[in-house]
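Undergrad: Protein sequences appear in the order of chains S and E.
For the first sequence, the numbering used here assigns the number 785 to the initial residue and increments by one for each residue that follows.
For the second sequence, the numbering used here assigns the number 1092 to the initial residue and increments by one for each residue that follows.
Misleading hints may appear alongside valid ones.
Think about it this way: if two alpha-carbon atoms lie no more than 30 angstroms apart in a straight line, the pair counts; the simulated DSS-like pairs of lysine-lysine are [what the hints assert, rightly or not]:
(1) E:1442 x S:924
(2) E:1491 x S:1012
(3) E:1292 x S:1012
(4) S:1012 x E:1472
(5) E:1114 x S:1012
(6) S:1012 x E:1576
(7) E:1480 x S:1012
(8) S:924 x E:1401
(9) E:1412 x S:1012
(10) E:1514 x S:1012
Just the calculated beta-carbon pair ranges, DEER-fashion [said to hold, decoys possible]:
(11) S:837 x E:1178: 52 to 62 angstroms
(12) E:1341 x S:1035: 22 to 32 angstroms
(13) S:976 x E:1462: 28 to 38 angstroms
(14) E:1591 x S:1132: 50 to 60 angstroms
The following residues of chain S were derived to be distant from chain E, with all beta-carbon distances above 12 angstroms [said to hold, decoys possible]:
(15) 798
(16) 825
(17) 901
(18) 902
(19) 917
(20) 982
(21) 1007
(22) 1009
(23) 1011
(24) 1019
(25) 1029
(26) 1137
Hints are computed from structural coordinates only; laboratory data are not their basis.
Note that this is a predicted model, so its numbers are computed, not measured.
Every residue gets a Cβ at the ideal spot worked out from N, C-alpha and C, and that includes glycine.
Chain residues, written in single-letter form:
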Amino acid sequence: MSAASVQLPNWITYGLMPILNLTLAFVISGLLIWLIGESPINALVLLLRGALGNGEGVGFTLFYATSFIFTGLSVAVAFHAGLFNIGSEGQAYLGGLGCALVALALDQYVPWYVTAPFAVVGSAIFGAAWALIPAWLQAKRGSHIVITTIMFNFIGAALMVYLLVNVLIVPRMMAPETRIFLDGGRLPRLDWLMAMFGLRLGPAPFNVSFLIALVMCFLVWLLIWRSKLGYEMRTLGASPSAAVYAGVRYVRTVVVSMLISGGLAGMMALNPVLGSAARLQVEFVGGAGFVGIAVSLMGRNHPFGILLASLLFGILYQGGNALSFDMPGISHEMVLVIQGLVILFAGALEYMFRPALVRIYQNLARR
Amino acid sequence: MNQDPAIELVGIDKKFGTVHANKDINLTVAKGTIHGIVGENGAGKSTLMSIIYGFYHADRGEIRVNGKPVTVRDSQAAIEAGIGMVHQHFMLVENFTVLENVMLGAEGGALLAKGIASARAELKRLEDEYGLVIDPDAMIEQLPVGLQQRVEILKAMYRGAEILILDEPTGVLTPAEADHLFRILKVLRDQGKTVILITHKLREIMAITDTVSVMRRGEMVATLRTAETTVEELAELMVGRRVLLRVQKGEASPGDIVLSVRNLSVRDNRGVTMVDNVSFDVRAGEIVGIAGVAGNGQSELLEAIAGIRKPTSGEIVLDGKTVDQTDPAGLREMGLAHIPEDRHHMGLVLKFEEYENSVLGYHRSPAYSKGPLLDLEAIRKDATEKIEKYDIRPPNPRLKTANFSGGNQQKIVVAREIERDPKMLIIGQPTRGVDIGAIEFIHRRIIEMRDAGKAILLVSVELDEIRSLSDRILVMFAGHVVGEKTRDADEQTLGLMMAGIAA
């Protein structure tokens, strides 16, 4: 067998390898920053200070992380069933419609904690619905889920623009967005949670969605590793022929997995729509669906890993914003390049160091 | 016989974690001989061969080819040292021709024309010299298994192999194909090549090898001249105790019909009819064996009965009830257990931990679940009991299934299916790639099931296995049941029927 089948201890696979990947991404980013004539060390300090240096920075970091947890879980659930859901972006977008409709309907009549459960369900149902057709096409017709979900991202984007421009827009207003939700349709910020750590949230939109995301992490763990459905999903994902043998119903399992995946993606909308902007806007997802793929890969499709990876990407997002603000030489595009490098090394090239580590490990183990 | 060593292993030692796969192995194979290596699964044969071929690196020890020490870093280095390997599972590109497969990785230059011409000439030479006859323009997917294997041998020869390692080469061959392979191996030997044959079939060792080495639990326990040993001696060396090579069983006492197959026709994935209007019954307390060369419809028949493959026509009656042929889970509930032909693709999920596989297919049973959740405690307890009862090694339900040896993997499947106490047991290739000790164990369990009044349908390409276990033998050829024989039918008659020559 080649190096691929050699088992490495968990601390290498789950600890050392991601750290090495991350370090390499930062080293190359540093090189780029040095090339354009700025100080890499300064940039790193600014990035970290911007993301973690004060209550507001932490608040923004956690706010971004919340979105990535949802989309990361979405990608991971589908992945366990052997499905590569590229459509979290579009499903999250539609999820926004679901929770916005709930907020618009209820915000005048009830307090937020009554609206919230309906909004969670609404966003999940709309997100799931957007995953249903690709799931059905995969299950029944064998149309590849990667292709169909990508296409549905475009259809979803077009549909949402149409709805916001023609249906949901406030009459006589210019911006393609809904009216601003009243307090009954907003998810409150978590000032108290930050205060427990002696931090002041300031204007950062860190909100209740974060707690919902944590609950979802637990539920996804329960689903994948403790439930019969999760067992069937993993069987299907690991060996489709064994799944047939075991009597796992293909159509049902594919559709249910994608509905759960789409539902989790849809819930991401709670964070920006109900937790921050308090209205539905165009393109509020802003790529979080795609970041979810990197988060899931980097988190090894495990909720705890996804939580950590989401925090990392939250730091990169918030720190990156702060960096381009504080260092005029570093444009927003440069920040995107750094984020891209992290995705490249931590996600796409996650096993790049593996053969080398296997060799070193075997050499050491021999002594 | 030339006595110069072609390959020497000196003090090869390899550990995987706590598993000592090869303990200080010394082996010398003389040039121009056929050397057999036998041992139970998990004895370390495959590890040793993987070290020679550069898949693994030995922790200690030295490999010498023609007396010179070599470092086999990877398979490329092995090829350069003149070592060729024919794997148990072929490594061929199905939709390439023979010629293209042989050239693959040795095309020579950016443009193919020159490489094709020289490969064609070389194939012709190999054909003349060693009798390796094959049409170089045939598609791999259209070739029978025996010829696909010949392509693997040609690939190794084309790369200039002087030492040819074959890993369980006859597992997928008919007796006639196996004979043909042996003739080829003998020609290769007579031309001065060295052949190392890894197998668990002792009869083959006796028939073809010049010398034989026996491995047990990572150690090389003996190297003998084949002419001076016996099957019994080899079996004893392999297992470390006396073994019964012949299954002992009493007369069957068949009861009521449990499974009844009526006018069944089944197509395979390509739409070719593989089972054509087949009817038969299986009664409680009897073992019905289906003999036949692989690919004559047995696999499709089994899959149809197990509810995995939908038949095109006909019906299957289980315990008096016509069954829904698309619902394997429902069939399990009706008391049908299925040990599938291919444990890697069907019977097990290799990525799963052992205990997860110990309930595959039965995970919805109330015994293993609490509402929508799995009852992990019950499953692990159950898995531990099965591990003890079936002597599955290593006895660790949390170990990844891929890390068990073939025989132990098969025991996981057998334990799972038998311990559910089914009414009807259908079994495909119960001992493929399984070592002698485990074969004996599995055979005994199957007989016990029969004696407990279960109906058993057995498919195997090993004629010996069919003959020693079955009470009745059906022979399948080209999708038809061409005849029924009692267990005393002689090998010759069955062989002719399997080849489609009416008896």
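Undergrad: Each of the hints needs a verdict: does it hold here or not?
TA: Results of checking the hints against the structure:
With a C-alpha separation of about 27 angstroms, the suggested pairing of residue 1442 (chain E) with residue 924 (chain S) holds against the 30 angstroms cut-off. About 19 angstroms separates the Cα atoms of residue 1491 (chain E) and residue 1012 (chain S), which keeps this hinted pair within 30 angstroms; it holds. The hinted pair formed by residue 1292 (chain E) and residue 1012 (chain S) fails the criterion: a straight-line CA distance of about 41 angstroms is larger than 30 angstroms. Only pairs whose Cα atoms come within 30 angstroms are accepted, and residue 1012 (chain S) paired with residue 1472 (chain E) is accepted, the gap being roughly 18 angstroms.
Between the alpha carbons of residue 1114 (chain E) and residue 1012 (chain S) the distance comes to roughly 43 angstroms, so the proposed pair goes past 30 angstroms and is violated. Pair hint residue 1012 (chain S) plus residue 1576 (chain E) does not hold up; C-alpha atoms about 45 angstroms apart against a cutoff of 30 angstroms. A threshold of 30 angstroms between alpha carbons decides the hint, and for residue 1480 (chain E) with residue 1012 (chain S) the separation of about 26 angstroms falls inside it, so the pair holds. Taking the CA atoms of residue 924 (chain S) and residue 1401 (chain E), the gap is about 16 angstroms. The hint holds against a cut of 30 angstroms.
Between residue 1412 (chain E) and residue 1012 (chain S) the alpha-carbon distance is near 28 angstroms, which keeps this suggested pair within the 30 angstroms criterion. For the hint linking residue 1514 (chain E) to residue 1012 (chain S), the alpha-carbon distance of about 25 angstroms falls within 30 angstroms, and the restraint holds. Between residue 837 (chain S) and residue 1178 (chain E) the beta carbons are some 58 angstroms apart, a value that agrees with the proposed interval 52 to 62 angstroms. Look at residue 1341 (chain E) against residue 1035 (chain S): about 47 angstroms separates their beta carbons, and that is not inside 22 to 32 angstroms.
The hinted range of 28 to 38 angstroms is satisfied by residue 976 (chain S) and residue 1462 (chain E), whose Cβ atoms lie roughly 35 angstroms apart. Take residue 1591 (chain E) and residue 1132 (chain S): their Cβ atoms lie about 53 angstroms apart, and the range 50 to 60 angstroms holds. Residue 798 (chain S), annotated as away from the interface, keeps every beta carbon of chain E farther than 12 angstroms; the closest lies near 16 angstroms. Non-interface status of residue 825 (chain S) relative to chain E is upheld: no Cβ of that chain comes within 12 angstroms, the nearest being about 41 angstroms off.
The beta carbon of residue 901 (chain S) is kept farther than 12 angstroms from every beta carbon of chain E, the shortest such distance being approximately 21 angstroms. Non-interface status of residue 902 (chain S) relative to chain E is upheld: no Cβ of that chain comes within 12 angstroms, the nearest being about 24 angstroms off. With a cut of 12 angstroms on Cβ distances, residue 917 (chain S) stays outside the contact zone with chain E, its closest approach being about 25 angstroms. Distance check on residue 982 (chain S): its Cβ is at least 39 angstroms (rounded) from any Cβ of chain E, clearing the 12 angstroms threshold; non-interface status holds.
Residue 1007 (chain S), annotated as away from the interface, has a beta carbon of chain E within 12 angstroms; the closest lies near 9 angstroms. Under the 12 angstroms C-beta cut-off, the non-interface status given to residue 1009 (chain S) relative to chain E is violated; the minimum distance is some 9 angstroms. The Cβ of residue 1011 (chain S) does not lie farther than 12 angstroms from every Cβ of chain E; its closest approach is about 5 angstroms, which violates its non-interface assignment. Non-interface status of residue 1019 (chain S) relative to chain E is broken: a Cβ of that chain comes within 12 angstroms, the nearest being about 6 angstroms off.
At roughly 4 angstroms from the closest C-beta of chain E, the C-beta of residue 1029 (chain S) falls inside 12 angstroms, breaking its exclusion from the interface. At roughly 19 angstroms, the least C-beta separation between residue 1137 (chain S) and chain E is larger than 12 angstroms, which holds for a residue marked as non-interface.
Checked against the numbered hints listed earlier, the structure breaks hints 3, 5, 6, 12, 21, 22, 23, 24, 25; every other hint is satisfied.
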